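S.K.: Sequence:
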Amino acid sequence: MSIYPAIIQHTEALLEDVLRFTHPADAVTTRYFRNQPKLGHRDRGTVAEAVFAVLRHKLEFAQFAQSGSGTLTRRLTLLGLAYGSGMEAVIAKVGPAEAGWLERIATVERSTLPYQTRCNLPEWLFEVLKQRFDETELEQLCNALNRPAPLDLRANVLKATRENALSNLESLGVEAEPTPFAPLGIRLKGKPALQKLAIFLDGGIEVQDEGSQLLAHLLAPKRGEMVVDFCAGAGGKTLALGALMRSTGRLYALDIAAKRLANLKPRLARSGLSNVHPVVIDSERDPKLKRMAGKADRVLVDAPCSGLGTLRRNPDLKWRQTPQSVREMNEKQSAILTAASKLVKPGGRLVYATCSLLNEENRQIVDGFLAKHPEFLLLNAAEILRSQQIPLDTGPMLELLPHRHGTDGFFAAVMQRQSSPISTQPETTPKTDE
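For what it's worth, our numbering labels the leading residue of the sequence shown as 1, then goes sequentially.
FYI, nobody ran anything at the bench for these hints, they're computed from the structure.
Computed from a predicted structure; not experimentally measured.
Be careful, since some hints might not be right.
[As the list claims (entries may be wrong)] Estimated spans, in silico, between C-beta atoms of each pair:
hint, residue 1, residue 2, range
1, 223, 135, 44 to 50 Å
2, 36, 108, 32 to 38 Å
3, 63, 99, 32 to 38 Å
4, 108, 374, 55 to 61 Å
5, 332, 195, 19 to 25 Å
6, 313, 115, 21 to 27 Å
7, 201, 36, 25 to 31 Å
8, 157, 42, 21 to 27 Å
9, 419, 327, 52 to 58 Å
10, 327, 223, 37 to 43 Å
11, 286, 193, 36 to 42 Å
[To be verified] Below are the EDC-like pairs computed for lysine to aspartate or glutamate, each with C-alpha atoms no more than 20 Å apart in a straight line:
hint, residue 1, residue 2
12, 159, 137
13, 332, 360
14, 290, 360
15, 191, 297
16, 345, 393
17, 189, 170
18, 295, 225
19, 295, 360
20, 372, 360
21, 345, 399
22, 372, 331
23, 93, 175
24, 222, 331
25, 159, 177
26, 196, 170
Glycine residues also receive a C-beta, built at the ideal position from the N, C-alpha and C atoms.
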């Protein structure tokens, strides 16, 4: 990639804004580019790649930046650009002093850096993960988290088989391969402009990480059932569930953010699904939920969490989250899981999931819930996947890690309601915003 002075200036300006950590890095980046309409697509990619490289390797780069001249942001900018575009490309566009500094940095052996610095984790998170992984595996995990995620797609079975989608992409010159676990998953080599592909515009494929796709297979909805996606967000998992249901039954997509559910509508239109009913709720205590109590065959709770399993995509989260923010999240997670469990009918299935690496957000939440709700029984996630010919066994609970599985970090526990619930209000159809 070509580097020229304006690229360096744009990268430095954006990086300075991002490093304030007042807003998510992707939102700050989008806003910056919106205000720079003359900056071309390729140049935007160069700038964004450099900024996100700094976020991924912040401790490492900060140690290198203890030497050199100019502001700290300037030094980090040059390191980020060198990481993405190559040291030689940057050296060719800076003065002798900065060029000499970069040449010296290039000779530093990374293995000589301190362990935590190589992992590029804040101290609190480093200490937590050290308790779970040995030194070799923790470094493998961090290396995987510090690489950009590939682009995964899901074939929409209402419109295309995975084989047909792969063939279509190949005919367009897009390199792709099946994902190893998710039976409908496709992994791209590169990041083509999907918005220009007919198979995307027609709803034959959807963007969805392989780990996220597997959550739908753990819930395993059947045709004609009543299913609830309790924290639907923009609806990626909702669409996957609806496709598995073959657009039959009733699938409720709940979320507290009307804007997020609004983002589902164009995706829903492409998908061909007619069984999805978006419902905006004000909280897990919304009165609308009482009308659903004890009626759902299956409920998915993809709970709000720290997002630390998605650092390949959102590296700023490791610098923005704190032990305090995680503790506050734990209270919300327990409350949401308890509220969602009330919707499950006897014999029904409940799946709790997060994209977190922390036991505090995962196993501890599930263990606490089961201790208070003996009417729910933990099912074996590996056996459920095996029954669908999915060759993945991480134990009774699903635990995905990027260095082991090539996915984002995901956790999921599958539970089944055993006993009859307390009697609920008379049968009524929940109101939706159809």
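S.K.: Are the Cα positions of residue 332 and residue 360 separated by 20 Å at most?
M.R.: Holds - the C-alpha atoms of residue 360 and residue 332 are around 12 Å apart, at most 20 Å.
S.K.: For the pair supplied as a hint, residue 191 and residue 297, is the alpha-carbon distance within the 20 Å limit?
M.R.: 38 Å, violated
S.K.: Does the Cβ pair residue 286, residue 193 satisfy 36 to 42 Å?
M.R.: With a Cβ separation near 39 Å, residue 286 and residue 193 satisfy 36 to 42 Å, so the hint holds.
S.K.: Run the distance test for residue 159 versus residue 137: straight-line Cα separation, threshold 20 Å.
M.R.: Measuring from Cα to Cα gives roughly 41 Å; hence the hint is violated.
S.K.: Check whether the Cα positions of residue 159 and residue 177 lie no farther apart than 20 Å.
M.R.: 19 Å, holds
S.K.: Does the beta carbon distance between residue 201 and residue 36 stay inside 25 to 31 Å, or does it fall outside?
M.R.: Roughly 27 Å apart at Cβ, these two residues keep to the hinted range, so it holds.
S.K.: Below or equal to 20 Å on CA atoms is what counts here, so check residue 222 against residue 331.
M.R.: 32 Å, violated
S.K.: Could you say whether the range 44 to 50 Å given as a hint is met by the Cβ separation of residue 223 and residue 135?
M.R.: 49 Å, holds
S.K.: With respect to the beta-carbon atoms only, verify the hint that residue 36 and residue 108 lie 32 to 38 Å apart.
M.R.: 33 Å, holds
S.K.: Does residue 372 pair with residue 360 here, judged by a C-alpha cut-off of 20 Å?
M.R.: 17 Å, holds
S.K.: In this structure, is the beta-carbon distance linking residue 332 and residue 195 contained in 19 to 25 Å?
M.R.: For residue 332 and residue 195 the Cβ distance comes to about 34 Å; the hint is violated.
S.K.: Is the Cα-Cα distance between residue 345 and residue 393 20 Å or less?
M.R.: 28 Å, violated
Comparing the model with each earlier hint shows violations of hints 3, 5, 8, 9, 12, 14, 15, 16, 19, 21, 23 and 24; every other hint is respected.
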